[in-house]
Amino acid sequence: MRVVVDPVLCEGNGVCTQVAPEIFALGDDDRSQVVVERPGEARRAEVETAVRRCPRRAIRLVEE
Amino acid sequence: MELNPFSYEFQENPYPIYRWLRDHEPLHRNEQLQFWALSRFRDVLPSLVDWGTYSSSEGVVLERLDPKMLEATPMMISLDPPRHDRLRKLVSRAFTPRRVESLEPFVRATAVRLLEPLAAEGGGDFVKDFSTPLPMEVIFTLLGVPDADRRQLREWTDLALERDPDTPAIPARALEASLLQMRYWYELLGELRRRPNDGLMCSLFEAELETDGGTTRLTDGEIIGFCSLLGAAGNETTTKLLANAAVLFARHPGEYRKVLADPARLPGAIEEILRHSSPAQYAARTVMRDVEWYGRTVPQGARILLLIGSANHDEREYRDPDRFDVDRQIPEPLGFGQGVHFCLGASLARLETRVALEEFARRFPRYTVDENGCRRVHMSNVHGFASVPFARA
Chain H
1330 MRVVVDPVLC EGNGVCTQVA PEIFALGDDD RSQVVVERPG EARRAEVETA VRRCPRRAIR
1390 LVEE
Chain P
34 MELNPFSYEF QENPYPIYRW LRDHEPLHRN EQLQFWALSR FRDVLPSLVD WGTYSSSEGV
94 VLERLDPKML EATPMMISLD PPRHDRLRKL VSRAFTPRRV ESLEPFVRAT AVRLLEPLAA
154 EGGGDFVKDF STPLPMEVIF TLLGVPDADR RQLREWTDLA LERDPDTPAI PARALEASLL
214 QMRYWYELLG ELRRRPNDGL MCSLFEAELE TDGGTTRLTD GEIIGFCSLL GAAGNETTTK
274 LLANAAVLFA RHPGEYRKVL ADPARLPGAI EEILRHSSPA QYAARTVMRD VEWYGRTVPQ
334 GARILLLIGS ANHDEREYRD PDRFDVDRQI PEPLGFGQGV HFCLGASLAR LETRVALEEF
394 ARRFPRYTVD ENGCRRVHMS NVHGFASVPF ARA
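Which chain is which? The protein sequence lines are H and P, in order.
Per the numbering used here, residue 1330 is the first one in the first sequence, and the count goes up by one each step.
Per the numbering used here, residue 34 is the first one in the second sequence, and the count goes up by one each step.
Among the hints, a few may not be true.
Stated by the list, open to error - Simulated restraints, written as ranges between beta carbons of each label pair:
#, chain 1, residue 1, chain 2, residue 2, range
1, H, A1354, P, R356, 33 to 39 Å
2, P, R216, H, E1375, 48 to 54 Å
3, H, E1393, P, N230, 35 to 41 Å
4, P, E137, H, E1375, 52 to 58 Å
5, P, E104, H, E1393, 44 to 50 Å
6, P, A426, H, A1354, 43 to 49 Å
7, P, R322, H, E1375, 33 to 39 Å
Unchecked claim - Cut-off 20 Å, straight-line C-alpha distance, at most; resulting in silico cross-link-like pairs (SDA-like, lysine to any residue):
#, chain 1, residue 1, chain 2, residue 2
8, P, K122, H, P1368
9, P, K122, H, P1384
10, P, K122, H, P1336
11, P, K101, P, D253
12, P, K122, H, V1333
13, P, K122, H, D1335
14, P, K161, P, G406
15, P, K122, H, L1355
16, P, K122, H, R1331
17, P, K122, H, Q1347
18, P, K122, H, D1358
19, P, K122, H, R1386
20, P, K122, H, D1359
21, P, K122, H, V1337
22, P, K122, H, G1356
23, P, K101, P, L213
24, P, K161, P, A424
These aren't lab readings, by the way, just hints derived from the structure by calculation.
Backbone N, C-alpha and C fix where the C-beta goes; we use that ideal spot for every residue, glycine too.
Construct all of the structure, not just a fragment, from the sequences and the given hints.
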């Protein structure tokens, strides 16, 4: 699985960076950046929580 | 039972009817006012997110807004993507949590200036003296509205949202106030084009709006749509949130003491205030295709209310939902909405509320509210107080 943040939808609310701090970080443009693009199955639950809790629904999980 | 959002009784205490709806008619139909309503958390949340099915293009209140006005001053709150996203992108950078953080010293200084006379008097009217002027100074400073005009402009904003009991007809005084308000913004726009300041309105003069073929400058109507929307949203909801906090803490001194003893609990407490007493009680949408709910069909074109206030008290989602508990976990907060229309000013509202309550608590660690003296506003989808007399205890 691959983690994608939509840079237009993301407004840097920082929910994902709290839920999964090792996978997301706020960039200089105040938007969320994916630090670990393919975090592996072990991290799926964490990423799914971030997807679900993003207030702007800006995060997607792409299955590969 | 019937849900009438314009009944003053409902605005006073909507929670008994919400509970009845959740238990008996999770899809509710009001024949007279011609709308549907969803009340359960797990129904409201995905519907807020699904903008393709639940469109904002006819406005987010039940009242019929003048389509000519919507067209003359388009506002992103009543637009769907892609136009919504193109407009929102132009202002979203000004409201990110990091940008908003830099406003903290200014917000704190304003809060302290407003609270000092109240501290000297030992009390006052929380709404009139504090929760109204604080957000007003913050949002109008951001937009670049001159000091001298702020009070009048805010009064028009208030009046424009007032509603009479039991009817969706917009009263003449509200229509007049919204016209006066729009005229003010047009005049200010002309003035600022000649003599710019460093407010957000002026930054919109230079903004480049994406179009299908390239980019274009914003029209005057679009700039005014932005300013009147951000002005109204920045004033009305934060004022209500703050006063709801003051009333809740007065009613639950034990919860207030927890926050006083450990200020790190305040951000969590603010989320609970938003859940327990949401300023924005519902969002109206227009259904873009036939949808099935509980064995019934809501037809394309119908109006539907997504009852955020009810979802926030859904016992299927929250244990003992009517209880005010500053330590409650709220994994998916709904108070600011969700999805593309998620409140742009959420970070600003959270900051203003935290700073305001920190400074208030320093001066009023013990206080009481005169419940008989409290008065509620009668606005469309915004619930809260017009007056909250309080005194040091």
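Against the structure, the hints:
1. H:A1354 with P:R356: 33 to 39 Å: holds (37 Å)
2. P:R216 with H:E1375: 48 to 54 Å: Roughly 52 Å apart at Cβ, these two residues keep to the hinted range, so it holds.
3. H:E1393 with P:N230: 35 to 41 Å: Given a distance of about 51 Å, which is not inside 35 to 41 Å, the answer is violated.
4. P:E137 with H:E1375: 52 to 58 Å: At 30 Å between Cβs, range violated.
5. P:E104 with H:E1393: 44 to 50 Å: holds (45 Å)
6. P:A426 with H:A1354: 43 to 49 Å: holds (46 Å)
7. P:R322 with H:E1375: 33 to 39 Å: Once the Cβ atoms are compared, 35 Å apart, the range 33 to 39 Å for E1375 of chain H and R322 of chain P holds.
8. P:K122 with H:P1368: Violated, at roughly 29 Å.
9. P:K122 with H:P1384: holds (16 Å)
10. P:K122 with H:P1336: Holds, at about 10 Å.
11. P:K101 with P:D253: Judged against 20 Å, a Cα distance of about 15 Å means the pair holds.
12. P:K122 with H:V1333: Since the Cα atoms of K122 of chain P and V1333 of chain H sit roughly 19 Å apart, the hinted pair holds (cutoff 20 Å).
13. P:K122 with H:D1335: holds (13 Å)
14. P:K161 with P:G406: holds (13 Å)
15. P:K122 with H:L1355: This hinted pair holds, its Cα atoms lying about 17 Å apart.
16. P:K122 with H:R1331: violated (26 Å)
17. P:K122 with H:Q1347: Violated. K122 of chain P to Q1347 of chain H sits at ~24 Å, over the 20 Å cutoff.
18. P:K122 with H:D1358: Within the cut-off at roughly 13 Å; holds.
19. P:K122 with H:R1386: holds (15 Å)
20. P:K122 with H:D1359: Given that 20 Å is the threshold and the Cα spacing comes to 13 Å, the pair holds.
21. P:K122 with H:V1337: holds (7 Å)
22. P:K122 with H:G1356: With a Cα-Cα distance of about 17 Å, the restraint between K122 of chain P and G1356 of chain H holds, given a limit of 20 Å.
23. P:K101 with P:L213: holds (16 Å)
24. P:K161 with P:A424: holds (14 Å)
When the structure is compared with the earlier hints, violations turn up for hints 3, 4, 8, 16 and 17 and for no others.
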